[in-house]
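Engineer: Let the hints inform the model, and build the full structure from the sequences given.
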Amino acid sequence: MNKIDIRTVNVVQYIKPLREGGSLPAIVKADDEFLYVLKFRGAGQGKKALISELIGGEFARAIGLKVPELVFMNLDDTFSKTEPDEEIQDLLKFSVGLNLGLHFLSSAISYDPLISTVDSMTASKVVLLDSIISNIDRTAKNTNLLNWNKELWVIDNGASFYFHHNWENWKNHLSRTFPLIKDHVLLERAHSLAEAAEEIKVRLDQDKLAEVIALIPEEWLTSESDTMTPNEMRSAYMEYMNAKLSMINSLVKEAEDAR
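Letter by letter, the sequence shown follows residues 3 to 261 in this note's numbering.
Just so you know, these hints were derived from the structure itself, not from any lab. No incorrect hints appear here.
Straight-line C-alpha distance at most 25 Å; calculated SDA-like pairs for lysine to any residue: (1) K173 - S252; (2) K210 - V69; (3) K68 - R191.
Pair ranges (Cβ atoms, derived): (4) E200 - I8: 22 to 30 Å; (5) I29 - K143: 21 to 29 Å; (6) I8 - F96: 18 to 26 Å; (7) T84 - A245: 40 to 48 Å.
For glycine and all other residues, C-beta sits at the position ideal for the given N, C-alpha and C.
Structural biologist: This is the structure we're talking about:
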């Protein structure tokens, strides 16, 4: 597998907010001339959502799913000074520094379970990955999937790994399955769960897990309220992923029973 190389770019133009997203992401232009959907460190779930977005997205890519390129995005303090909207102004002010961007897929449309098509293996991989990373936000109401160039693309993994919002009790999550999979938008099309599980186990080996988790910027792992060090947190993400992969057969059965 190719080594992951996350580029760092600078935001040069704030174009428009995406109001359908609860955390007010925005379309921005970077100094590489490309457009990105910028996820802000100053939004509701803060840096934790960026960590989920980053490692959830790269785990999805590692198992063969289509994911827009993820980049680190530097935001300076000039944008908040020229923004008339107070809510966006505050968001920009609290997000100065390193944020996360997803390459903007022009003319992509949201996945619609009533009319969009997806093959069984792809659906099964998405369902199982979301079980593993405890992604609570891939429902018919909010699919967080795009159709682009007749292919399914996975976006928005920010609501995953919710154990990291309370580090004091994170180990309680190690043995849990994911009953919320019953609401997954792709569940009824996921007829290849056992085959997907075998492929996921091969692709998410120890080296790949460690490589993805090492991508998390140090500054995203530090806050005044956390009692764990960045290295302890990295170890926790690793232990969590290993625990979930070791119980993947239970997650398969849970999903099959729910379907």
